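Protein chains in written order, with numbering that gives the first Met the number 0: chain E, 0 to 151; chain B, 0 to 411.
In short, the hints are calculated from the structure, not lab data. Some hints here could point you the wrong way.
Claimed, not checked - Non-contacting residues of chain B with respect to chain E, defined by C-beta distances greater than 12 Å in every case (computed):
hint: 1; residue: I155
hint: 2; residue: P264
hint: 3; residue: W271
hint: 4; residue: R311
hint: 5; residue: L364
hint: 6; residue: N382
hint: 7; residue: T393
As the list claims (entries may be wrong) - Here are the simulated EDC-like pairs of lysine to aspartate or glutamate, each with C-alpha atoms no more than 20 Å apart in a straight line:
hint: 8; chain 1: B; residue 1: K270; chain 2: E; residue 2: E58
hint: 9; chain 1: E; residue 1: K86; chain 2: B; residue 2: D339
hint: 10; chain 1: B; residue 1: K312; chain 2: B; residue 2: E180
hint: 11; chain 1: B; residue 1: K179; chain 2: E; residue 2: E146
hint: 12; chain 1: E; residue 1: K86; chain 2: E; residue 2: E109
hint: 13; chain 1: B; residue 1: K1; chain 2: B; residue 2: E180
hint: 14; chain 1: B; residue 1: K270; chain 2: E; residue 2: E146
hint: 15; chain 1: B; residue 1: K410; chain 2: E; residue 2: D79
hint: 16; chain 1: E; residue 1: K105; chain 2: E; residue 2: E144
hint: 17; chain 1: B; residue 1: K410; chain 2: E; residue 2: D134
hint: 18; chain 1: E; residue 1: K150; chain 2: E; residue 2: E100
hint: 19; chain 1: E; residue 1: K105; chain 2: E; residue 2: D136
hint: 20; chain 1: E; residue 1: K150; chain 2: B; residue 2: D339
hint: 21; chain 1: B; residue 1: K179; chain 2: E; residue 2: E29
hint: 22; chain 1: E; residue 1: K86; chain 2: E; residue 2: E99
hint: 23; chain 1: B; residue 1: K410; chain 2: E; residue 2: E37
hint: 24; chain 1: E; residue 1: K105; chain 2: E; residue 2: E146
hint: 25; chain 1: B; residue 1: K179; chain 2: E; residue 2: E109
hint: 26; chain 1: E; residue 1: K86; chain 2: E; residue 2: E98
hint: 27; chain 1: B; residue 1: K410; chain 2: E; residue 2: E58
hint: 28; chain 1: E; residue 1: K150; chain 2: E; residue 2: E99
hint: 29; chain 1: B; residue 1: K410; chain 2: E; residue 2: E29
hint: 30; chain 1: E; residue 1: K32; chain 2: E; residue 2: E99
hint: 31; chain 1: B; residue 1: K410; chain 2: B; residue 2: D211
hint: 32; chain 1: E; residue 1: K150; chain 2: B; residue 2: E176
hint: 33; chain 1: B; residue 1: K2; chain 2: B; residue 2: D217
hint: 34; chain 1: B; residue 1: K410; chain 2: E; residue 2: E144
hint: 35; chain 1: E; residue 1: K105; chain 2: E; residue 2: E127
hint: 36; chain 1: B; residue 1: K179; chain 2: E; residue 2: E147
hint: 37; chain 1: E; residue 1: K32; chain 2: E; residue 2: E98
hint: 38; chain 1: E; residue 1: K105; chain 2: E; residue 2: D134
hint: 39; chain 1: B; residue 1: K410; chain 2: E; residue 2: E147
hint: 40; chain 1: B; residue 1: K2; chain 2: B; residue 2: D211
Note that the structure is a prediction, hence the values are computed from the model and not measured. Every residue gets a Cβ at the ideal spot worked out from N, C-alpha and C, and that includes glycine.
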Amino acid sequence: MRRATQHGRWLQSAVALLIIGGLGFWFTAEVNKPLGAEDLKIAVSELRSHAAEGRLIAEQALSARLTATFFQTQTSMLRDKAGAVVKDLNSTAPRAGLEEELSRVKAFAERISADLASLSSSFDDRQEMSRLQEDLDTVFRQALEMEESLKH
Amino acid sequence: MKKALEIFLGILTAMGGFVEIGELVFSINAGAKFGYSLLWVVALGTIGIIIYGEMAGRIAAVTGQPVFYLIRERAGFVVGLGTLVAANLVNLLTCAAEIGGVAILLKLALNWPYRVFILLGLIFFLLVMWFLPFQWIERTFGLLGLLMVVFMLTAILLKPDWPQAAAGFIPNVPALESPKEYLVYAYFAVALMSSIMLPYETYFYASGGIEDHWTPSDVPLNRIIVTVGFVLGSLLAVALIIMGARLFLPNHIEPQLPGSAALGPVIVFGKWGLALALLGMFFAFGGAAIETCLSAAYNLAQFVGWPWGKFRKPGGAPRFALAWITMLILAGLLITTGVDPVSVVEYSIIFSVIILPLTYLPILLVAADRTCMGAFANRWWANTLGWFYLIILTIAGLCAIPLLIITHGGKG
Chain E
0 MRRATQHGRW LQSAVALLII GGLGFWFTAE VNKPLGAEDL KIAVSELRSH AAEGRLIAEQ
60 ALSARLTATF FQTQTSMLRD KAGAVVKDLN STAPRAGLEE ELSRVKAFAE RISADLASLS
120 SSFDDRQEMS RLQEDLDTVF RQALEMEESL KH
Chain B
0 MKKALEIFLG ILTAMGGFVE IGELVFSINA GAKFGYSLLW VVALGTIGII IYGEMAGRIA
60 AVTGQPVFYL IRERAGFVVG LGTLVAANLV NLLTCAAEIG GVAILLKLAL NWPYRVFILL
120 GLIFFLLVMW FLPFQWIERT FGLLGLLMVV FMLTAILLKP DWPQAAAGFI PNVPALESPK
180 EYLVYAYFAV ALMSSIMLPY ETYFYASGGI EDHWTPSDVP LNRIIVTVGF VLGSLLAVAL
240 IIMGARLFLP NHIEPQLPGS AALGPVIVFG KWGLALALLG MFFAFGGAAI ETCLSAAYNL
300 AQFVGWPWGK FRKPGGAPRF ALAWITMLIL AGLLITTGVD PVSVVEYSII FSVIILPLTY
360 LPILLVAADR TCMGAFANRW WANTLGWFYL IILTIAGLCA IPLLIITHGG KG
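Using the sequences and the hints given, assemble the complete structure.
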């Protein structure tokens, strides 16, 4: 009886380990696979979201609804997020045929990152802030188009 | 009069302590991605946490036994130990994310270096937990967390489409563009459910009942607090989804930072809205950091049988005190490495779903046991609902990690 219980426990542990190992293997394989169109679409949608948020923050700051500290910190954090997308794109090789798309997305990410960096130091310069708001609006629209094209 | 005040404060505390960084992030993003269509998950999760919170509180009041004592007694040492390790890992991740969230909020208000705020936050929490009695901690953070009501006002003033929002409370699957989108919808449903039914809330609530020396005469008090407090608390989650649907969805923003949430109150109330939102989030995240930290110490002490409780001086329960201090320091070290608090909390919430059935099954078995609970044992409907939720949580637990991988953490 005791042997049967022990046997059952070993079996349960083995099944649990197999499931955990399998999930770990799946996760690692997903992380290490080459960059595909789907990954590019995810990167572009993240960038689109950061550009849109930057645009909204600029709009609120221009209406004097934000403090300088919040404005500078939040836009710097958004710039870091956009920078992380650039870093991710640089660290993985693309699938064959996606090289051109990848370089377009990279250039795009760098532009958004630069816009957000300039925005974070523009609190006292309304003209510059307004210009950056317009630029972020333009890149936001381009990102939406790029996302659509990557869907097909 | 004293009882009425106790009920009132208990309700407000439960309400103010309902939302933490994970629920904030998932609720706003659920609205930003799928509009009102995931509101039904909030309703489903709220009924679930009421049912299990009530059972755990009733067991604490009737038997004086906390959750992890029951887990060890009913599930055995090996399964109990597995649950303890998993639960405390989730507590560690959640606590780290809350500390990181607090540091980000302070940075948004004062703009000093992030790691300085982590250190200051740790010292603040350490002092609060060392010197303040349990009820003071619970009420201070719970009541000041009520400043989050600014999100409710924001949601109302953003003029949602009420009939459409009401329709969102009926379980539904919206028409989406691709099969992958349906998986992202499922991922958000699972994550939202988990963020509402986070296991530490039950551990903490039941241990709190014992800290407050509840007796069987407190069973009605327990019932009122969980029902009214959690329903009102869930209105905050509803408000965050509505805000996501009204503000972030049309602007194509998928917020990834706690500060993004403050943009709603900013648009409606200006700088006052910003101040109230940051303060509300500070106390909500701070309260959750303390609760997860204490939960981990409660779980460990209850499992191994050490004396525990904030009602004892640290010298009266030294191993319990050492456990929560260690937890706080480990969480601080983890977040100091520079990991993103929002990513950490996303993982902690997904891993929470996996341990939820293991946490709730022993509670259900004891609450239904007439030899143990006597006249306070579950009625047939409580058992039915309990099993219904256990099945749902088991399915959610099985799907959680595959969904996390397939949808790249809900990104698509």
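Structure-inconsistent hints, enumerated in ascending order: Hint check: 2, 3, 10, 13, 14, 17, 20, 25, 27, 31, 35 fail, others pass.
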